[in-house]
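With chain A's structure known, arrange chain B on it following the hints.
Protein chains: 2
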Amino acid sequence: MKAWKKLSSTQVVHNKWVKLRKDTVKLPNGIILDDYYLFEKNDVALIVAVDEQNCIILKKEYRYPVNEVLYELPGGMIEEGEDPLETAKRELLEETGNISNDWKQLMCGYDYPTKDTNCVYIFLAKNVKKAANQKLDISENIEMEKVPLQEAVKMCQNNQIKVNGSIAGILLTELALKEGFR
Amino acid sequence: MKAWKKLSSTQVVHNKWVKLRKDTVKLPNGIILDDYYLFEKNDVALIVAVDEQNCIILKKEYRYPVNEVLYELPGGMIEEGEDPLETAKRELLEETGNISNDWKQLMCGYDYPTKDTNCVYIFLAKNVKKAANQKLDISENIEMEKVPLQEAVKMCQNNQIKVNGSIAGILLTELALKEGFR
Chain A
150 MKAWKKLSST QVVHNKWVKL RKDTVKLPNG IILDDYYLFE KNDVALIVAV DEQNCIILKK
210 EYRYPVNEVL YELPGGMIEE GEDPLETAKR ELLEETGNIS NDWKQLMCGY DYPTKDTNCV
270 YIFLAKNVKK AANQKLDISE NIEMEKVPLQ EAVKMCQNNQ IKVNGSIAGI LLTELALKEG
330 FR
Chain B
150 MKAWKKLSST QVVHNKWVKL RKDTVKLPNG IILDDYYLFE KNDVALIVAV DEQNCIILKK
210 EYRYPVNEVL YELPGGMIEE GEDPLETAKR ELLEETGNIS NDWKQLMCGY DYPTKDTNCV
270 YIFLAKNVKK AANQKLDISE NIEMEKVPLQ EAVKMCQNNQ IKVNGSIAGI LLTELALKEG
330 FR
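As you go down the protein sequences, you meet chains A and B in turn.
For the first sequence, the working numbering gives the first residue as 150, with consecutive numbering after it.
For the second sequence, the working numbering gives the first residue as 150, with consecutive numbering after it.
The hints are simulated quantities; they were obtained by calculation from the structure and are not laboratory data.
Hints may be right or wrong, so weigh each one.
Repeated chains share a single entry, so a pair holds when one copy, or any two copies, can fit it.
[Claimed, not checked] Straight-line Cα separation of at most 27 Å, DSSO-like style, residue types lysine-lysine; simulated pairs:
| no. | residue 1 | residue 2 |
| --- | --- | --- |
| 1 | K209 | K155 |
| 2 | K165 | K264 |
| 3 | K275 | K303 |
| 4 | K165 | K155 |
| 5 | K165 | K175 |
| 6 | K284 | K209 |
| 7 | K303 | K209 |
| 8 | K303 | K253 |
| 9 | K175 | K284 |
| 10 | K238 | K275 |
| 11 | K175 | K209 |
| 12 | K151 | K303 |
| 13 | K284 | K154 |
| 14 | K264 | K171 |
| 15 | K209 | K151 |
| 16 | K209 | K154 |
| 17 | K209 | K171 |
| 18 | K303 | K327 |
| 19 | K264 | K295 |
| 20 | K168 | K155 |
Isolated chain A, as found in the complex:
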């Protein structure tokens, strides 16, 4: 399966919040598509933060595009040039006030590679401990809840946790801990 060839590229929208590109591409079968749109989004780091009681930290946040309060894993955008693990440590501290001395990368993948260029890194942080207060942006009205990992798994199964990256992180964590992942 061969790569497509980029023939040309136009910035359609390019500002702090949105980078939308339109490429003309040549497919391996020779067909040329002159309007392949891509969203250049920042990479994202998500954290499954597990404490010594085997509880994880869930973020509850209102999401305007879907007009719903959602449970999600803590996390945030990886800044230009930032190491994904450093983002994860920074976001865990800023959003929850917690730190960990035991980090593992669970995966590096994608939400929607059909249109989006960005990666999602998911980290497992064990033995998390409260070390500071939350530090939030002005638009962030978020609450944190600690729930037993097994309850979080059930919340994925009954559609209470419904963001795909968060489901992936929680269920991968359950498998990893069951298998004694170090």
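Just chain B now, kept in the frame of chain A:
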């Protein structure tokens, strides 16, 4: 946690492929944001198609935005007014030539509700059977592979399957079948 209020809305890009909106919104704390960008994407249906040998169908497809061949669940966009389950049945038949007489909805959720308005529906189809040949779009150069469900779970764990919606669907299926989900 209260909803944000939309004060005004502008279409920034609006064509067959991209619907990008910019809203001015008022937050519950009174702050006004005049540049909240949203992508109005079509809803999507994904299918975990399990046959009588407990194998699932994985799609292998080149994704231009990330320049990588990826394993994903079969699926596709829900057309305007289409029932998500009908989309799932149509896509399973078109993409894989398979049908099923045993469908269940595993979840309805989101890939990226921070910016995207669309839902992702994931369905479990059991006892799938080959009934026709694939019918693909011109830009689709895809291959189908059947793998045992347990192997697909391992592929999620070792980062070979790396699209969050696909991971969520496969791991939710494993839990559902283990618990005798009907």
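Against the structure, the hints come out as follows:
1. Taking the closest pair of Cα atoms, K209 and K155 come within 27 Å of each other only across two copies (21 Å); inside a single copy the shortest separation is 40 Å, beyond that limit.
2. With identical chains, the CA atoms of K165 and K264 are at most 27 Å apart both within one copy (19 Å) and between copies (14 Å).
3. Both within a single protomer and between protomers do K275 and K303 lie at most 27 Å apart by alpha-carbon distance, with minima of 20 Å and 22 Å respectively.
4. Proximity of K165 to K155 under the C-alpha cut-off of 27 Å is found in both arrangements, the shortest distances being 25 Å within a copy and 21 Å between copies.
5. In the homo-oligomer, the alpha carbons of K165 and K175 lie at most 27 Å apart only across protomers (20 Å), although the nearest pairing inside one protomer, at 30 Å, exceeds that limit.
6. Proximity of K284 and K209 under a CA criterion of 27 Å is satisfied intra-copy only: 15 Å inside one chain copy versus 42 Å between copies.
7. Taking the closest pair of Cα atoms, K303 and K209 come within 27 Å of each other only inside a single copy of the chain (17 Å); across copies the shortest separation is 30 Å, beyond that limit.
8. Taking CA atoms no more than 27 Å apart as the test, K303 paired with K253 passes in both settings, with 23 Å inside one copy and 17 Å between copies.
9. For the homomeric pair K175 and K284, the shortest alpha-carbon distance between copies (21 Å) is at most 27 Å, but the shortest distance inside one copy (47 Å) is not.
10. In this homomeric assembly, K238 and K275 come within 27 Å of each other (Cα to Cα) only inside a single copy, at 12 Å, whereas the closest approach across copies is 41 Å.
11. In the homo-oligomer, the alpha carbons of K175 and K209 lie at most 27 Å apart only across protomers (19 Å), although the nearest pairing inside one protomer, at 43 Å, exceeds that limit.
12. Taking identical chains as interchangeable, the C-alpha atoms of K151 and K303 lie at most 27 Å apart only when they sit on different chains, with a minimum of 26 Å there against 41 Å within one chain.
13. For the identical chains of this complex, K284 and K154 are inter-copy neighbours only, at 24 Å across copies versus 44 Å inside a copy, given an alpha-carbon limit of 27 Å.
14. With identical chains, the CA atoms of K264 and K171 are at most 27 Å apart both within one copy (11 Å) and between copies (19 Å).
15. Taking identical chains as interchangeable, the C-alpha atoms of K209 and K151 lie at most 27 Å apart only when they sit on different chains, with a minimum of 12 Å there against 42 Å within one chain.
16. Proximity of K209 and K154 under a CA criterion of 27 Å is satisfied inter-copy only: 19 Å between copies versus 42 Å inside one chain copy.
17. Taking identical chains as interchangeable, the C-alpha atoms of K209 and K171 lie at most 27 Å apart only when they sit on different chains, with a minimum of 24 Å there against 35 Å within one chain.
18. Taking identical chains as interchangeable, the C-alpha atoms of K303 and K327 lie at most 27 Å apart whether they share a chain (16 Å) or sit on different chains (13 Å).
19. Taking the shortest alpha-carbon separations for K264 and K295, only the inter-copy value of 26 Å comes in at or below 27 Å, while the best intra-copy value is 34 Å.
20. Taking CA atoms no more than 27 Å apart as the test, K168 paired with K155 passes in both settings, with 17 Å inside one copy and 23 Å between copies.
Of the numbered hints listed earlier, not one is contradicted by the structure.
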